[in-house]
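Take these sequences, add in the hints, and give me the full structure.
There are 4 protein chains.
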Amino acid sequence: MQKIKLGILGGGGDSLIGVLHRVASFINDNYELTGAVFNPNWEENIGFAEELGIPTNRIYKDFDTLIEEELKLPKEERIQVCSILTPNFLHFPMAKKLMENGFHVICEKPMTNTYEEAKILADLQREKGVVFGLTHTYTGYPMVRQMRHMIANGELGKIQKVDVRYYQGWINPIIHDKEKRSSIWRLDPEKAGISCCMGDIGTHAFNMVEYTTGLRVEKLLADLNYLYEDNKMDIDGNIMLHIEGGVRGILRSSQIATGEENGLAIAIYGSKKALKWEQENPNRLKVMSDSEPMQIYTPGHAYLSEFSLDGTKLPPGHPEGIFDSMANIYLGVARAIRNQNPRSGEYPTVIDGVRGLNFIESAVKSQKDGNVWVELDKQD
Amino acid sequence: MQKIKLGILGGGGDSLIGVLHRVASFINDNYELTGAVFNPNWEENIGFAEELGIPTNRIYKDFDTLIEEELKLPKEERIQVCSILTPNFLHFPMAKKLMENGFHVICEKPMTNTYEEAKILADLQREKGVVFGLTHTYTGYPMVRQMRHMIANGELGKIQKVDVRYYQGWINPIIHDKEKRSSIWRLDPEKAGISCCMGDIGTHAFNMVEYTTGLRVEKLLADLNYLYEDNKMDIDGNIMLHIEGGVRGILRSSQIATGEENGLAIAIYGSKKALKWEQENPNRLKVMSDSEPMQIYTPGHAYLSEFSLDGTKLPPGHPEGIFDSMANIYLGVARAIRNQNPRSGEYPTVIDGVRGLNFIESAVKSQKDGNVWVELDKQD
Amino acid sequence: MQKIKLGILGGGGDSLIGVLHRVASFINDNYELTGAVFNPNWEENIGFAEELGIPTNRIYKDFDTLIEEELKLPKEERIQVCSILTPNFLHFPMAKKLMENGFHVICEKPMTNTYEEAKILADLQREKGVVFGLTHTYTGYPMVRQMRHMIANGELGKIQKVDVRYYQGWINPIIHDKEKRSSIWRLDPEKAGISCCMGDIGTHAFNMVEYTTGLRVEKLLADLNYLYEDNKMDIDGNIMLHIEGGVRGILRSSQIATGEENGLAIAIYGSKKALKWEQENPNRLKVMSDSEPMQIYTPGHAYLSEFSLDGTKLPPGHPEGIFDSMANIYLGVARAIRNQNPRSGEYPTVIDGVRGLNFIESAVKSQKDGNVWVELDKQD
Amino acid sequence: MQKIKLGILGGGGDSLIGVLHRVASFINDNYELTGAVFNPNWEENIGFAEELGIPTNRIYKDFDTLIEEELKLPKEERIQVCSILTPNFLHFPMAKKLMENGFHVICEKPMTNTYEEAKILADLQREKGVVFGLTHTYTGYPMVRQMRHMIANGELGKIQKVDVRYYQGWINPIIHDKEKRSSIWRLDPEKAGISCCMGDIGTHAFNMVEYTTGLRVEKLLADLNYLYEDNKMDIDGNIMLHIEGGVRGILRSSQIATGEENGLAIAIYGSKKALKWEQENPNRLKVMSDSEPMQIYTPGHAYLSEFSLDGTKLPPGHPEGIFDSMANIYLGVARAIRNQNPRSGEYPTVIDGVRGLNFIESAVKSQKDGNVWVELDKQD
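Residue numbers (my numbering), protein chains in the order written: chain A, 1 to 380; chain B, 1 to 380; chain C, 1 to 380; chain D, 1 to 380.
Hints in this document: simulated from the structure, not taken from any laboratory. There may be inaccurate statements among the hints.
Treat identical chains as interchangeable: a pair holds within one or across any two.
As the list claims (entries may be wrong) - Keeping only pairs whose Cα atoms sit at most 30 Å apart, straight-line, the calculated BS3-like set for lysine-lysine is:
(1) 276 / 286
(2) 286 / 272
(3) 61 / 5
(4) 3 / 365
(5) 219 / 232
(6) 378 / 128
(7) 219 / 272
(8) 119 / 272
(9) 273 / 128
(10) 178 / 219
(11) 178 / 232
(12) 178 / 97
(13) 219 / 96
(14) 180 / 96
(15) 232 / 128
(16) 178 / 5
(17) 180 / 273
(18) 96 / 272
(19) 273 / 286
(20) 219 / 365
(21) 128 / 97
(22) 368 / 219
(23) 61 / 191
(24) 158 / 286
(25) 72 / 273
(26) 191 / 75
This is how it looks when you write it as structure tokens:
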């Protein structure tokens, strides 16, 4: 099968997100890295390409040049899809221009800086019919897919309670020192937008709720936490969720949860069964019920859904991890590009991005208005 | 040492709470079961005493007779302390009359049906100078005591976030059937008071927050969950907490968390360290920090506080459980009765009861008023 | 119901084993502590009784006096059963004399110092028809009883592999210092018999194998570990087991497993299912099979055997511990004394003691003879 | 940096080992897949190359042709290293011919069918000076590297006990059916050599012991398990190890451990500290000592060794898995090929292969001779 020609924007040098995407693109043998603008600095850009050992003839000096030059190439040689790994404020203009010129897009989150921009991208994607993948990495885990499958399949009965948490501790060593906290870009509203914790990781938790349950959050009430008066960005918070069908939810997110690493976890309680999953131990899914012993599902077993099994390459007990999860999303995008009818949920879409921005802006609004309910829009 | 003469009110037959208190009173060799009214039905009352193999001469036909007859006895033979294990609505009148007559009291929670009653008991206890122990059982675990010690000792630095959960699933098999849910006393406001979930278990979670941190909750905002319109009692809910010193908290409690058994858990994040503990695995305490590996504290080690060690009888690796936790509270009450200066926190007091009722009424008020902040009183 | 009159030999002062037995005897309301020789020193003996707050008229100056005086009492007032908690070398003469005089016996392990003595006790017990309970405490856990039930019930199919471990670390801080290791009684063959590690804890592991599987070990091959030439007692070792029916087993035991607390654990693999259990987290039993998800059994659920449920007092999620486990054994003995037909396995018997001594002597012989197979006897 | 030209032998179609190696080779951007013989069947061979989307001009019809044709190419275009993923009996001739012709080798385990062959490869490797990497995948995990580092660094003090386990259950559904067990190649000595369980996975456990401790096993005593008389291959067994310096070890391995997935685990007890690690949860390392709380090390932290950190690409809490572990080994081989002085232990060498075969043959000999001690050779 012809590999899909992939371009990468950003992600050069020591960029962690760069490694994650590059490796994910290789894993299922679907993509070849064809061109890139790894870095606005030309020497670092070309130097990184050489370090990777890839041909440098399609390393471009900037994004506009990449578009211009690639369009000159015959369609079968041209980059088909670009992964946007640049600073957040560039996501919107790049994604927009890529789609306008007929390229497919893979975009890191947050998709845009504002809800308005997000809606523009959604309209454009619908108009152009290109594939748009948003890399909510955690939805690629086999056990997360199993959750989505089981709920869609009715195995939990009616969902009645959702509890999601995303706790990190990395801002704790920074926040208590006035100088440090005033110099970090993540806490500078000019550079990082209106929200730190909710924008960066709360949105993953929000997405996990909607991804697994298939239900939309209808409104939210946020209590955000800033710790110091001179700090203008939320670094922690609790958000009550009212979800369609009368489901109640609670979302907790923090970047000052001292000692926590990357603690995304979700518990979903239905009238028949319940599910519990933690990102830091992603290959175990707890399945609970009123009267039966708790079961521990692990990847690669015949008792799992096809959708879950599709995301596992090795037999049970051979732990796959976050690269493999991201690779599953890249595989979904590849199938979409090849018109192979990927399953619903194989990759997060532009709509997930729109939802995420709607969530972030609503959370901040709820806080500003005094911890009151704010309704989310109903995207179709 | 002379054993303390213990009376028991309620707790006969198959009563689980009866076993728990009786065994707890034996464990540290401090009490002798001297008299009781196990049951309003005389035959069951006396039958149970015989089944236990205890002398029946001080098994009384009712509470008033017990008071009357015991007061006739010389002081050194008289029951010194009574454990109240009766239905909730009897807690208040019994505790009141006991204190008025100079008896010490051990009382199951909720201490009373209303906040008003609770304050009356608190005033009376102060006036009479008797010992009043409220059995928030979970505060007797050695690792919970270690948490309280470490926080008081400043090891966590400034507390910045508290996250507590108490999830059970036992109402799930009942709630979805209209007939069942309308016939259970727990869901009948006439019999069970104004709250089910928050009154029964949310209050344990609330107590755990104040017990471990030593901080008072200042206000709360509740989102309670009833699932069905005809159900008038909360069976699940999320409560935002604002705690003194600008600390933010979140309390989650449920009795429809399908498959959960008795899932009380707390995480406390400070500027220096964090603590995580779960009741279902009570002999492990996670201690976390920004830069060091997570540590697992277990009971009985020299690195623990004296207060924690005092609650462990056997060497490390010999799991003690909930009976031993309750026994630690009974031990604290015994020391108080004997004027042996128990440590602060060795047993929950009437003030913990007052706080609990203030919490329950505030949570229900917040819900009724549309999920708004409600301030708690500052008990001294 | 009349309580059973219990005498205690040893276990005074700070004795941990004393607390464990005393509390266990109270828990199910079956015993009353009637008489004792807590300590050979009269002042400590009587002082301890006073500290416990029990009547001192039947605290005797020594064991022989206890026998003599109790026999003078009318049968209905007399001590019925004695718990032997003295140093090991006294177990045999005390148990012997007690049985000869018609008393029931509860005995700590090791039952005797030698296999020969053990067999004498077994013969005597058979002859006298008294009840003899050996306190292999861990067999009282509800999940251990569930294992025994499931295997007897055929749920595992044919057993094919057993793996048992008992790791402690407490000798590690002692063994590397010549002076320390030569002054501890456990490492003195004069005082502690022929084996340290296997005699003290290996025998628990051995008992766990035979208790859960219902199968007898036929022969063993031991590789014992002494670490230093001047140390004459095993402090660690691995033992291969050939079990009846062609089952293979491995037993690992250590007291120099640095950092381990009380790590008894067993895994049993059958042709249909497998079971895994750990003493330090005793309320979880893993049930595994080829094709189904792993299940976690926890106490108190309707899906458990009656035998397991009989050992749990509170609902699921209320952790009971080692005191409750020992109390279940005391309950079994009580039922036997009352002729209430306790289930097989409700308490370990004199035969378990005989097996244990046969195991210890065989292990030491295997080591002395150069790690060769040694056959165990077939007790009936 | 120029990528290293990689050839692959075997691993076509659905081969799991093929995916594992291919992905591992991509992950750190060091290799390009240049040529291959994926399959002896030409159509499947070329078809698979097309499916992967790689150029087919250097897909060869067989191994000899690959050697022949590659040697015709100028050195800078030629394949530098070949990964041998073929059936076991081909490892020896292929590795031999590759080295004789100056190619570097990456070889799956078992390295050869016999100890004799293994020694021939070792001699040849020394003579030719090529790089020879043996893919004991599990040694690439960051936490395994941390164990090796800590022990080499003296943090555990003197090692005194090693306990390693490798339990799988996949043969259980096969072994009890005579027809099934006689038709599987793994249980056919003609096809699979002298050992099934020890050859296939016991050897990983053995390697883990020597890799982490840096100590050589001196002799072993094996008790192998066949379950049925007509089964000629071990499918389970226990092996006692005497390790240099008087260290005692126990190795347990099984393929009939019902319900186990891929349960490799090791515990190492030293005079100062102990370590415990499990492959199925590879990102947690337990560090224990006599007096301090247990610590949980996780990847990516500053408290870890450089060697461990080198094997982690993402920040703490982003679980990497078995592909990343294998990729670390490929990285070590790449550094060796590039003369970049890889650390000792960055990749297993031909000597590890020789040790493994010595182990397997010794285990089988010990069993045949009646469970007696067999000495291993001292490879230098």
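Ascending list of hint numbers which this structure does not respect:
4, 8, 9, 12, 14, 15, 16, 18, 25, 26
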